[in-house]
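Undergrad: The primary structure of each chain is shown beneath.
Protein chains: 2
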Amino acid sequence: MLRFMNDGDFRLQPIGFVRSRIASRDQAPCQGDEGAPDAWIEILAPFVSGLLGLAPGAELLIFTWLHRAERQTLQVRPRRRADAPLTGVFATRSPDRPNPIGLHRATLVEIDGNRLRVDPLEAIDGTPVVDIKPLLRTIEER
Amino acid sequence: MLRFMNDGDFRLQPIGFVRSRIASRDQAPCQGDEGAPDAWIEILAPFVSGLLGLAPGAELLIFTWLHRAERQTLQVRPRRRADAPLTGVFATRSPDRPNPIGLHRATLVEIDGNRLRVDPLEAIDGTPVVDIKPLLRTIEER
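Chains A and B are the protein sequences, given in the same order.
Going from the first sequence to my numbering is simple: count from 1 and add 1216.
Going from the second sequence to my numbering is simple: count from 1 and add 1216.
Next up, chain A with everything else stripped away, as it sits in the complex (with noise of 0.2 Å):
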């Protein structure tokens, strides 16, 4: 399947990691529109200087590596309700996904030395963080 790669391409690194008020996957709401608290993200020290030109109210994208999530799921019934259908993964936001990759839109709120803290954020206290975007509003908001 690695066709283009060799493996030690394809593994991610962590940039950083999140820590929050949430502790357990079952206290994570679905959305970080949904209720999800603040959170700081610690960037490692490597990856500091990636963060040059960021500043308090920028909306990001901050990618996450789910690392609580089952890969080998591939359908689920959303939002966690017995009764939906059965829906393919990559038709919802499971966390349960083959590369359980999390995106979340959240507003940089302060920065203090290597941590952000960003506003909302549904990811559970520990999870690594693995790249962080700028929103580009001509697209994810078009």
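No lab work stands behind these hints: they were computed from the structure.
Heads up, some of the hints might be wrong.
[What the hints assert, rightly or not] Residues from chain B that face chain A, not an exhaustive set, calculated with beta carbons under 8 Å:
1. 1267
2. 1270
3. 1277
4. 1279
5. 1306
6. 1307
7. 1317
8. 1319
9. 1346
10. 1348
11. 1352
The C-beta atom is built at its ideal place from N, Cα and C for all residues, glycine as well.
The hints should help you fit chain B onto chain A, whose structure is shown.
TA: Same frame as chain A, but now just chain B:
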């Protein structure tokens, strides 16, 4: 650094590959709304059941692994402009970044067996696809 999981858990697996008329990075627009063509995504057999429920007209977020990207880059001059100020990659959409995950918004135009035609897609031919999620209008467009 891998405090919460073993290396194997941190490895992405392609769920499919992009088939596009774009053959190289030089030919790819910076963003999908800047003249990118439509493209096919060929989903690999083990993951096809994850498509259940997707239908033409769906607005998707397609996650790719930008296999031609440079992972050591932490600062860039945005949009390939020599006169732009140096900016941290996490404040830009540069493909060159520690984890080169591409995020593409596209409309699902057609489904043909294990192939999805999407429009637009600014990824080059052969780019691995690692996830597909439905756009959440309440969040990514709020």
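Undergrad: For every hint, state whether the structure bears it out.
TA: Hints versus structure:
1. 1267: holds, 5 Å
2. 1270: Residue 1270/B check passes; min Cβ-Cβ to chain A is 5 Å, inside 8 Å.
3. 1277: holds, 7 Å
4. 1279: holds, 6 Å
5. 1306: holds, 4 Å
6. 1307: holds, 4 Å
7. 1317: holds, 5 Å
8. 1319: holds, 7 Å
9. 1346: Interface hint status for residue 1346/B: holds (5 Å vs cutoff 8 Å).
10. 1348: holds, 4 Å
11. 1352: holds, 7 Å
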